[in-house]
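**Student:** Read off the chains here:
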Amino acid sequence: MTQSLSIFYAFLRRDFYNAWKTTKDIAFNWAILVPVMYVCMNGYIQPGVMLGKTSQLNMVMFIGSILLSVQVLSFKASIELLFDLLGDRFIDYQLTLLSPRLIIIERIFFATCYTFALLLPYYPMSKLLLGDLFNTQATSWPAVILVLTASAFLISAYNIFICCILNAPHELRKVWVRINNPLFMLGGFWAPWYVVMKASPILGYLSLANPFMYMSEGLRSAFLGTPDFFPVPLCVAVLLGLGCVFTFLALRQFKRRVDHI
Amino acid sequence: MHTNHARTFCALVRRDLYVLRGAFVKSFLDGILILLTQVVITRYFFPYLGMPQELIAPLYIGTVVMMLIHQNFSLSIENLLDLQSERIIEYRLILPITPPWLMASYITRWILRMMVTTSPLIILGALLLGPAFPLTNIQPGLFVVIYLLSALLFATYFLASSFAYSYDWFINNFWPRRLDPILTFSAFLFPWYRITDVCWWAGVISLANPVTYVAEGCRATLIANTNYLNPLLCIAILSGACIVGAYWLLSSMYKRLDPV
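Quick note, the sequences are listed as chains A and B, same order.
Residues 1 to 261 in our numbering are what the first sequence spells out, letter by letter.
Residues 262 to 521 in our numbering are what the second sequence spells out, letter by letter.
Excised from the complex, chain A in its bound form (with noise of 0.2 angstroms):
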């Protein structure tokens, strides 16, 4: 056990070293590039041309735009398992030495720490450039930072899921055209849940089993504090069990990939 544990650190600290090397541009495209512009866009022009400089609902349209990053940034992060599993099989190796189902859990714990680490400056940043725009008065950053916290775990266990489905990079496309594309565009990326209520029921119950309804949701509720969204811990217990499910779901599609016995 104590010897898994370390190999498993090992492999961790290899996932990190390799990270490493590209992690300055990484970290200043998302971490300072891409909330400017998103300030800019979706924090500013956006809002004052559809609602008006002084509206309430700036603030609401803008926190939703950060799903984007959470999705880009834990692909980043476990895409290499897609691309190792097709080409150089550098996982043969590694399951010599550790069981199939600690390095799933190795991989995804690597996606939701990186993740996590380059969302951390997007609000922060967006504040500074926002200023009295971006009201943060009834801001909870515990809850922000736990609705991140558990975003950022249940997209690197989905993504590493999809890695292990996967036969070739091409069919990458279709997953974020059919399946991606749709769920954080119409999982409060643009608008609350109350919105999509108001303009189709229907709608707005299937949006329910988004997982990204209840990111936005949670970001929402946690720097508005206003009855209007899903309550934070209603929003971190469902993001964290269907964490729980894609990395069952991982791990079983893994062991099925790699190991046959």
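What the hints contain is simulated information worked out from the structure, not anything from laboratory work.
Keep in mind that a hint or two might mislead.
Straight line, CA to CA, 30 angstroms or less: simulated DSSO-like cross-link-like pairs of lysine-lysine [claimed, not checked]: (1) A/K127 to A/K76; (2) A/K24 to B/K287; (3) A/K76 to B/K287; (4) B/K287 to A/K21.
Following the hints, complete the assembly by docking chain B onto the known chain A.
**Tutor:** The following block gives chain B in isolation, referenced to the frame of chain A:
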């Protein structure tokens, strides 16, 4: 000599059309899914948030421009993967065709793919949006010119980018460092006059961005409103941008492939 080049060019385009026909249904269905998502958001979600009805049609056109960009991004990645590993381009370079003609065949293929997937969606989207997108004041001739110039512009710039940058740099940095600033400081999503009302400096910057003229040109020729930029101005600027793009494409292609 030129006849040979033209013949090879036609053969390459014919081959691409054959491949395109095979993938048409899948691409079209993917497009429909994106279309439905966008229609739901622009027609239902945004008005419930308080967006004026008059913005539905211009916003929808913005999402079609976004689709063009997404499609070109995918095509660039295909080209980068080819340059990185498969190198089918090397086979094409030994064909009796000069590099500029070869690039023309690539651009034609990309434009055809864009047209096949997005042009039906413009019509279908307008129909689904109903009264929010009245089809009474269309200027079809000008729209076709602007649409073709826009497709040419995107194909040229994205193809040039796939030659100019390495695969790793492109995957990690192209979207946040190139596309995000281009999209943020353009009038692709909202009409230019509305952006200028909210933030004058963003309006000024977006005038230096060709994507603004793509979206504004389409709006001016599809929607009955005189507030958009003049379509003839859009055509002039897009033509100029295409020439600059073609020059960049050729220089980056020669630099990458170094054909003797």
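**Student:** Against this structure, judge whether each hint is valid.
**Tutor:** A quick look at each hint next to the structure:
1. A C-alpha spacing of about 26 angstroms is found between A/K127 and A/K76, which places the hinted pair at or below 30 angstroms, so the restraint holds.
2. Restraint check: the Cα-Cα separation between A/K24 and B/K287 comes to about 38 angstroms, which exceeds 30 angstroms; the hinted pair is violated.
3. With a C-alpha separation of about 26 angstroms, the suggested pairing of A/K76 with B/K287 holds against the 30 angstroms cut-off.
4. For the hint linking B/K287 to A/K21, the alpha-carbon distance of about 38 angstroms lies beyond 30 angstroms, and the restraint is violated.
In summary, the structure is inconsistent with hints 2, 4 from the numbered list given earlier, while agreeing with the others.
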